Amino acid sequence: MSNDFYTSSILPHAGIIIKICRAYTDSQEDFEDFYQETCLQIWKSRDAFQNKSKWSTWIYRITLNICLTLSKKKKRRGNNFDILHEQSEKNTAFKDESLNLLYDAIKKLSEVDRAIILLHLEENPHKEIATIIGTSANNIAVRINRIKKQLKILLDGKIN
Amino acid sequence: MEKSIEKIWNEAFISEDTLIAPRINDIYNQKSKSVINKIKRTYEIDNKGLIPMAILVAAGMTIFSEAIIGIYGAFLILCLYFYNTNLLNKFKSIDVKSDNLTYLKKYKSIINVIMKATKKLFVFAIPLAVLSIFALAFSIKEKSFLSKFISSDTSFIQVIGIGFIVALVVSIIGVIVYTISTKILYGTLISKLDSIIKEMEELKK
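Chains as they are written, first to last, in the numbering used here: chain B, 106 to 265; chain Y, 117 to 321.
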C-alpha cells in the first residue's frame, strides 16, 4: 500500500475506523489487528469503489464488515482467554471515564446494533446508515431509539 | 441532568488522543506465520507417515513369507524418509532475520525444489527401486513371490523386462497419485502463500 494512498484516502477517516475497531475488540493487540486488516481491505478493494456512494460510506462498510467477520472468527476460537481479555481491557481504556462506560455499554449490544449506534454517533444520516447496514431508513430510526433506550438502561445513571 | 450519549461521545473524543492511528506494519506477519506453520506441519506429518509404512511393509511381507523382500522394501521406504528429511532441512537454511517477503519467497522456492525432487524420484528412483526388488526376488526366487510366476528356466533379462513394465506402471501411478495428493494436502496452503506473496509485492510498490 503506498503511503500516498494511506495518507490521502485512509488517514482522514482513521478516526471512525479506530472508533469502530475499538467497539469490537477488547485488547490493544486485537484492536491493532482489526485496524490493520481494515486498512488493508480498503486498499485491496479500492478498485471496486465505483463512486456510487461516498468514499466515507465505502470505508464504514468495509470497516464494519471486517470487524464483524474478525470478531465472529475470534468468538469461534472460543472464550478461553477471558482472563487475558480482562487484563488487556485496561489497555484500551480511554482517559475519559464516561467514554469508557459508554464503550462498555456499546460492547454489550448485538454486533449489528453496535454498528448502527456507532454510525449514528458519528452523525451519519439515517438514510446513509440504512445503505451501509442494508435496511430501510425507517427501520434504522426505530432501531436507534431502541438501542438508545437499551444503552440508558445499561448505563443506568452511571454518567451524569 | 443526564447527558445524552451523543453529547458524551462528541465531548469525549474532542480531548481524546487515543484516536491516533496505529502504525501499519507487519500486516502479513501473523498471516504468513500461520500458513508457513501449516505447510511445515503437513510436510512433517506426511514424511513421518513413511516410518509406520516401512514397519507395515516389513511386517506384512514377513507374514506372507517374503521377509527379505519386506525388509528391503522397508529399507527403501526409510531411504525415502531420510531423503525427504534432508529436503525438509532446507527450510531451516532460510535466514529468519530476512524480511517477510524475502522469507516467503525463499520458502516458496524451496517448496518448488522439494516438489521437483519428489517428481524426479517417482520418474527415476522409484522405477529403479522396483527393478531392484525384481532383481532381488530373482536372486532368491525359490524363497520369493517370483517362484509362483516363473519357471526355473526364466532368464534374468525376462524378469527384468517384466520388472521394467511394472516399474513404468508404478512410476506413472506414482506421479499421478503424488500430483493429486499434493493438490489435496498442499493446494490451498500453497495458493494462500502465493496470494500473500503477490499482495506483499503489490504493497511494496
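Derived by calculation from the structure, the hints in this document are not laboratory data. None of these values were measured; they are calculated from a predicted model. There may be inaccurate statements among the hints.
Claimed, not checked - Computed far set for chain B versus chain Y, every beta-carbon distance over 10 Å: (1) 120; (2) 203; (3) 216; (4) 225.
As the list claims (entries may be wrong) - With a cut-off of at most 30 Å between alpha-carbon atoms, the simulated DSSO-like pairs for lysine-lysine come out as follows: (5) Y/149 to B/177; (6) B/179 to Y/206; (7) Y/123 to B/149; (8) B/232 to B/177; (9) B/180 to Y/222; (10) B/149 to Y/235; (11) Y/308 to B/178; (12) Y/156 to B/179; (13) B/178 to Y/123; (14) B/180 to Y/156.
Stated by the list, open to error - Computed, partial: chain B to chain Y, Cβ under 8 Å: (15) 199; (16) 209; (17) 226; (18) 247; (19) 249.
Glycine residues also receive a C-beta, built at the ideal position from the N, C-alpha and C atoms.
Item to complete: Return the numbers of the hints above that this structure violates; sort them in rising order.
Response: 1, 2, 4, 6, 7, 9, 10, 13, 16, 18 and 19
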